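Going by the working numbering, the sequence shown opens with residue 1, and the numbers climb by one from there.
In case anyone wonders, no lab produced these hints; they're calculated from the structure. One or more of the hints may lead you astray.
Using 16 Å as the maximum straight-line C-alpha spacing, the simulated EDC-like pairs for lysine to aspartate or glutamate come out as follows [as the list claims (entries may be wrong)]:
1) K220 to E201
2) K128 to D171
3) K133 to D107
4) K128 to D156
5) K176 to D135
6) K221 to D66
7) K152 to D171
8) K96 to D66
9) K176 to E201
10) K186 to D135
11) K225 to D171
12) K220 to D135
Every value quoted in this text rests on a predicted model; they were computed, and no experiment measured them.
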Amino acid sequence: MLLAYPPRVHIEQRHLDELNRQLPSPFFLLGDFNGHNTLWGSTDTNPRGCQIETLVEDHGLCLLNDNSYIHFHQASQTFHTIDLAIFSPSVVPYWKFSTSTNLFNSDHFPIVLTYVKNDFPFPKRPVKYIFGKADWPLFESLCQLTPNMVDKDSIDVAVNTITDCIISSADNSIPKTSGSIPKLCKPWWNTECDTCQKTLEKAWYNSRRYPTTHNLITFKKARAKFRQIRRRSMNTTWC
């Protein structure tokens with residue numbers, strides 16, 4: 001996966017061709033290309049958009065965008081599609097493209113790529129017993145270790161028999177962790193941050209649905225206040 005941000009100045013088509021040659025296949029190429037093209041939902045086509053279209057066609061690539069708007073231009077209160085997701089054709093059937101409806105303190109809507117198959121090896125933490133919630137009386141009643149368990153011809157068989165008994169008893173009397181990776185904790189996030197974020201989301205909703213000057217100013221003020229509160233909370237937390 002490569003996140004690319006081409007410069008705003010003119011670039012040669014050969015530079016994009018060289019970038020494609022350097023990427024191992026299959027690849028995901030995402031980024032803010034600043035290219036407008038009706039092919040991916042823009043109202044017009046600019047030179048950069050033509051270059052990206054040529055790159056896709058010449059190298060047999062696939063554009064995963066679904067014509068959703070991805071960028072909000074505050075000055076003109078207009079929406080554009082300049083962030084693109086270009087994939088190798090072999091992986092396109094396994095991914096779904098969508099965008100978030102929340103700007104999340106930016107002027108670009110986040111791109112969400114969803115893996116549509118169920119065979120993706122998502123990382124997990126080792127499953128552990130939660131001993132603080134164990135039902136020890138139940139464990140004691142289930143884990144009945146008897147002398148005949150060790151009266152075996154093979155020491156390995158005896159060890160396995162006892163081990164299986166202990167593990168089976170534990171599985172039925174002690175709860176386990178899920179193994180899922182928890183969300184990262186933000187120790188600086190507090191009630192004031194949460195309130196300001198909700199105010200910002202409401203202001204953005206009103207500005208997007210009713211694009212008036214008043215609503216745009218309200219949105220900008222809410223965003224500025226949220227940034228101020230967040231920055232202050234982060235600074236005071238780490239002091």
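Structure-based check of all given hints:
1. Between K220 and E201 the CA atoms are separated by roughly 11 Å; this keeps the pair inside 16 Å, and the hint holds.
2. Between the alpha carbons of K128 and D171 the distance comes to roughly 11 Å, so the proposed pair stays at or under 16 Å and holds.
3. Proximity of K133 to D107 is assessed by CA-CA distance (about 47 Å); at most 16 Å being required, the pair is judged violated.
4. With a C-alpha separation of about 25 Å, the suggested pairing of K128 with D156 is violated against the 16 Å cut-off.
5. Distance check on the hinted pair: K176 and D135 sit about 12 Å apart at the alpha-carbon level, within 16 Å; holds.
6. Simply put, K221 and D66 have alpha-carbon atoms about 32 Å apart, too far for the 16 Å limit, and the pair is violated.
7. Straight-line distance between C-alpha atoms of K152 and D171 comes to about 25 Å, which puts the hinted pair past the 16 Å bound.
8. At most 16 Å may separate the alpha-carbon atoms for a hinted pair to count; K96 and D66 meet this at roughly 9 Å.
9. Among the hinted pairs, K176 with E201 is inconsistent with the structure: their alpha-carbon atoms are about 38 Å apart, more than 16 Å.
10. Between K186 and D135 the CA atoms are separated by roughly 34 Å; this puts the pair beyond 16 Å, and the hint is violated.
11. Pair hint K225 plus D171 does not hold up; C-alpha atoms about 51 Å apart against a cutoff of 16 Å.
12. With a C-alpha separation of about 55 Å, the suggested pairing of K220 with D135 is violated against the 16 Å cut-off.
Hint compliance for this structure: hints 3, 4, 6, 7, 9, 10, 11 and 12 are not met, and every other hint is.
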